[in-house]
Amino acid sequence: MHNGGKIILGLIVFIGLMAAPFIFGLGKGDVKPNPSIDTLAIKAMEKKQCVEAKAVMKTEHMKMLNDWRDSVVRDGKRLYVATDGKRYDMSLQNTCMKCHSNKAQFCDKCHIYVGARPYCWDCHIAPKEGA
Amino acid sequence: MKIERREFLKLAGLSAIFGLGGTAIAASVQQTPSYIPDPKELTGKRWALVINMDKFKSEADVKKVIEVCHTKHNVPTIPNPKQEVKWIFTEMMENVFPEQQDKYLTEHYKHMPFLTLCNHCANPPCVRVCPTQATFKRKSDGIVMMDMHRCIGCRFCMAGCPYGARSLNWIDPRPYLDPKKINPEFPTRMKGVVEKCTLCYELIAVGKIPACAEASNGAIVFGDLEDPKSAVRKVLAETYTIRRKPELGTRPSVYYVIGGMKDAGKGA
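One line per chain: the protein sequences are A and B, in this order. For what it's worth, the working numbering labels the leading residue of the first sequence as 1, then goes sequentially. For what it's worth, the working numbering labels the leading residue of the second sequence as 1, then goes sequentially.
Some hints here could point you the wrong way.
[Claimed, not checked] Far from chain A, by Cβ distances over 10 angstroms, these chain B residues were calculated:
#	residue
1	16
2	37
3	67
4	106
5	125
6	132
7	149
8	176
9	182
10	184
11	185
12	189
[Claimed, not checked] Derived DMTMM-like pairs: lysine to aspartate or glutamate, alpha-carbon spacing no greater than 20 angstroms straight-line:
#	chain 1	residue 1	chain 2	residue 2
13	B	45	A	75
14	A	128	B	185
15	B	137	A	75
16	B	245	B	99
17	A	98	B	99
[What the hints assert, rightly or not] Using C-beta positions, here's what the derived DEER-type ranges look like:
#	chain 1	residue 1	chain 2	residue 2	range
18	A	26	B	79	53 to 59 angstroms
19	B	243	A	60	42 to 48 angstroms
20	A	111	B	16	39 to 45 angstroms
Source of the hints: derived by calculation from the structure; they are not laboratory data. Since the structure is predicted, the reported quantities are computational estimates derived from the model, not experimental observations. All C-beta atoms in this analysis are idealised placements derived from N, C-alpha and C, irrespective of residue type, glycine included.
Modelling step: build the complete structure from the supplied sequences, incorporating the hints.
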């Protein structure tokens, strides 16, 4: 093999570089985001229950927010009748964020982890944290 | 076990019927979420305003109305007139009613700034030209709405509107809001979207009248144009009113009284 040594060395360096992120990340990779629901409003709740069940909120909140937006802005229907029959004002600023007033510890935790950049906050006003 | 073709089909059919029935029963137990309007919402077929310019005695009265609206909706105060954003604003009479210009006009009106805002036209040119339906006419009550989520900032609507009622956010508006006065219950806007008066749809939805009418001390009357008993129709029946550029066929829903109107209250 011509220049065998160089090729093999090159291959080792190449594989080393490509694998470096995995090697250095070993043991650190599974730090899962842990969004906090530690706010005064949630603490004061007797039954810690969001608009829908936790599992539904976890997987469907993005679709739900889109549906809420369309219903309020385009159809003028502002009230959400949840699965359990309770009614909520469909408003990100005035409903969601009244309980989840810790955007940095709640929304941002997962969004940064998965690299999602929703543009909600370009217009909607996030609650003042620490207030 | 050997199974005949006929037997197999019978079984398959039966199990399909039970299967479908089962899911239907499960669905009826779990209530599916639904959307409903707020029961407090004011209902009308076509909301309108009557602006009585006689009741605005000074510029301060006019400014107060603008201030209330702009604070409530987080409208920024941008000093550069080429970039300013306005929902309700003033123009001189010669610009609001260019066809009414006359050098013998009452002195008072020559110098009095006229309040002007989106006319919530029955035939709105801005809606016709919008390529994304970001601006649209609500079928229920005739409000010409803005869906900021859809606006792409093409400014066709600004070219379409004959009243100059729309503003583009040339720059990020947030630095131009007074941090002490920001209304945390209403969103701001972002760079690159067009905005305008939305006739306080968010107040109408909870049973309140638009902020300008509320703050005007009866100078602005709000009501349903299609309801013969409404405050607006009462004024229109008693007083001669004019609209801006009616010859364009946009059919504005904002009427002006210039000279003499009985007190009709704040209306609704």
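Hints, verified against the model:
no., hint, result
1, 16, "holds (28 angstroms)"
2, 37, "violated (5 angstroms)"
3, 67, "holds (20 angstroms)"
4, 106, "holds (41 angstroms)"
5, 125, "holds (20 angstroms)"
6, 132, "holds (12 angstroms)"
7, 149, "violated (6 angstroms)"
8, 176, "holds (14 angstroms)"
9, 182, "violated (7 angstroms)"
10, 184, "violated (5 angstroms)"
11, 185, "violated (6 angstroms)"
12, 189, "violated (6 angstroms)"
13, 45(B) - 75(A), "holds (15 angstroms)"
14, 128(A) - 185(B), "holds (13 angstroms)"
15, 137(B) - 75(A), "holds (11 angstroms)"
16, 245(B) - 99(B), "holds (8 angstroms)"
17, 98(A) - 99(B), "violated (51 angstroms)"
18, 26(A) - 79(B): 53 to 59 angstroms, "holds (56 angstroms)"
19, 243(B) - 60(A): 42 to 48 angstroms, "holds (47 angstroms)"
20, 111(A) - 16(B): 39 to 45 angstroms, "holds (44 angstroms)"
Checked against the numbered hints given earlier, the structure breaks hints 2, 7, 9, 10, 11, 12 and 17 and satisfies all the rest.
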